[in-house]
Amino acid sequence: MRADNIGIAGAFEELPTLMVVLVAVSLFSVSVAHAVLSFDSTEDYSGLREDCLTFSGMVRASETLSDDGKPGVFSHNKLQNLTGEDFLREFNATSLGIGYRVSVQCLDTGTGNIILDWTVQSADIPKSLDLATFSSCIGVDNNGIREAARLTVTIWRVDA
Amino acid sequence: MRHRISGSAAQVAMVDAILFMTIMLVASAVILGSSGYRDNSSEDFAAIQQYSTDFMETLMAVDLNQANCSFRSVSQVLCDECLALRQGVTTEEYETMNALILATGRNLIRPGMDFAVSCGMGSVFISGNAPDLDSLPGNRCANMMTVYPGEGLGGDVAITVFVWVV
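From first to last, the protein sequence lines are chains A and B. Reading the first sequence from the start, the letters are residues 1 to 160 in this note's numbering. Reading the second sequence from the start, the letters are residues 161 to 326 in this note's numbering.
Looking at chain A on its own, in the form it has when it is part of the complex (with noise of 0.2 Å):
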C-alpha cells in the first residue's frame, strides 16, 4: 500500500472530465431523442395529406351528390336539396378513421360570386391535432348546364 495521495487527486480532478462528458452524451441523447420523435411526426403527417387525396377523390366520385354517378360532376339540385345526415352515412366518419369538412361553392363563373355554399363536418374541428387539407375543381350539372364549384376537403385523426 501506497502513503501519497495520487490516488485521491487524480479521482477530484477527473471529476470535472466526467461532467463535461456526462452533459455531452446527455445534450446528444436529448437530440437522438427529439429527432426520433420529429420524424414520427411527419411520416404521420404525410400520411394523413395523402389519405386527404383519396378521401378528396372518394367525395369526387360520390354518388349521393351526382345525378349519373359520373365522377367530378356533382347535381346542383342534389346539393341543394341533400342533408348533412345523407352524406355522413354515406362516409362513416367512425369507419374511415377520421374526421371531415367537406365544403362545396358553387360559383358564378362569369362574375366569380358564390351562388351556392354547401358545407358537412362530421364532427367538430379538434384545436390540437394536425389537419390536412386539399382544395379541387369540379363540375355542377345545373340543368342540363355545366358550371363550376370548388370543392375543400379537410380532414383529420379521430381515435378508433
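Quick caveat, the hints were computed from the structure, so don't treat them as lab data. Check the hints yourself; a few may be wrong.
[To be verified] Here are some chain B residues pointing at chain A (derived, C-beta under 8 Å):
(1) Met174
(2) Ile178
(3) Phe180
(4) Met181
(5) Val186
(6) Ala187
(7) Ala207
(8) Ile208
(9) Phe215
(10) Ser230
(11) Ser233
(12) Asn267
(13) Leu268
(14) Arg270
(15) Gly272
(16) Asp274
[To be verified] Across the chosen pairs, the derived CB separations fall in these ranges:
(17) B:Ser283 to A:Asn92: 47 to 57 Å
(18) B:Glu252 to A:Asp124: 48 to 58 Å
(19) A:Ser128 to B:Ile183: 29 to 39 Å
(20) B:Gln236 to A:Leu116: 19 to 29 Å
(21) B:Asn225 to A:His34: 53 to 63 Å
(22) A:Thr152 to B:Arg246: 54 to 64 Å
(23) B:Pro297 to A:Glu50: 49 to 59 Å
(24) A:Ile114 to B:Ala259: 34 to 44 Å
(25) B:Ile183 to A:Leu88: 55 to 65 Å
(26) A:His34 to B:Ile183: 29 to 39 Å
Idealized CB from N, CA, C, for every residue including glycine.
On the provided structure of chain A, position chain B as indicated by the hints.
Structure of chain B alone, referenced to chain A:
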C-alpha cells in the same frame, strides 16, 4: 515528480472531454437540423398535379353563355376557334369568348395559383400574365386533352392547360 505527472494526465483528460463534447455538440446540431427539415416537395407536386388535372377537367366542361343565349363548353369553343384559324378566319367573337374563358378560369382557380390555356400548338393562347408559351414558369404542371373536330375537319385539336403556383 509523481504529483506533477498526475496533474498533467488530468489536463489531457479534460482536453479530450472538451473535444468529445465539441463533437457531440456538432452531431447534435446536425441531427436537430435535419429533423427540422421536412421534405414535402414530392407530396406538394402530387397535390398540384392532381389539382391541375381537376382544374382542366372542370374548366374545359364549363358551358359558356354566348351572345345568342346558347351554351357551348370551353373545349368546344377552343376547338372551333382552332378550326377557324386553320381556315384563316378570325373573328371578334372568339376574342370575346377567350376573355370569357380567362375570366372563368380566374374565378375558378385557387388563390395563389395561375393558369394558361394553349390550343392548337399555341395558335390560341389564353393567359392573364404570360404573353406566350415561352414565358411560362418552369414549375408548371401541364395537362392535355384532344378534341375530335369531326369528319373532314382535319386532325384532333390538342388543348393544354398549364397550372402553376405563383
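Taking the hints in turn, this is what the structure says about them:
1. Met174: 5 Å, holds
2. Ile178: This hint holds: Ile178 of chain B lies near chain A, its Cβ roughly 6 Å from the closest one there, short of 8 Å.
3. Phe180: OK, holds: Phe180 of chain B within 8 Å of chain A, min 6 Å.
4. Met181: Status holds, d = 4 Å.
5. Val186: For Val186 of chain B, the interface hint is violated, since the closest Cβ of chain A sits about 10 Å away, which is over 8 Å.
6. Ala187: Check passed: Cβ of Ala187 of chain B comes within 6 Å of chain A, closer than 8 Å.
7. Ala207: 6 Å, holds
8. Ile208: Hint on Ile208 of chain B: violated, closest Cβ of chain A at ~11 Å, above 8 Å.
9. Phe215: 5 Å, holds
10. Ser230: With a minimum Cβ separation of about 11 Å from chain A (threshold 8 Å), the hint on Ser230 of chain B is violated.
11. Ser233: 7 Å, holds
12. Asn267: 4 Å, holds
13. Leu268: 5 Å, holds
14. Arg270: 5 Å, holds
15. Gly272: Constraint on Gly272 of chain B not satisfied, violated at 10 Å.
16. Asp274: 14 Å, violated
17. B:Ser283 to A:Asn92: 47 to 57 Å: With Cβ atoms ~50 Å apart, the hint holds.
18. B:Glu252 to A:Asp124: 48 to 58 Å: 54 Å, holds
19. A:Ser128 to B:Ile183: 29 to 39 Å: 38 Å, holds
20. B:Gln236 to A:Leu116: 19 to 29 Å: Holds, since Gln236 of chain B and Leu116 of chain A (Cβ atoms, about 25 Å apart) stay within the stated range.
21. B:Asn225 to A:His34: 53 to 63 Å: This hint holds: roughly 58 Å between Cβ atoms.
22. A:Thr152 to B:Arg246: 54 to 64 Å: 40 Å, violated
23. B:Pro297 to A:Glu50: 49 to 59 Å: 26 Å, violated
24. A:Ile114 to B:Ala259: 34 to 44 Å: 22 Å, violated
25. B:Ile183 to A:Leu88: 55 to 65 Å: 57 Å, holds
26. A:His34 to B:Ile183: 29 to 39 Å: Violated, at about 18 Å.
Violated hints for the displayed structure, listed by number in ascending order: 5, 8, 10, 15, 16, 22, 23, 24, 26.
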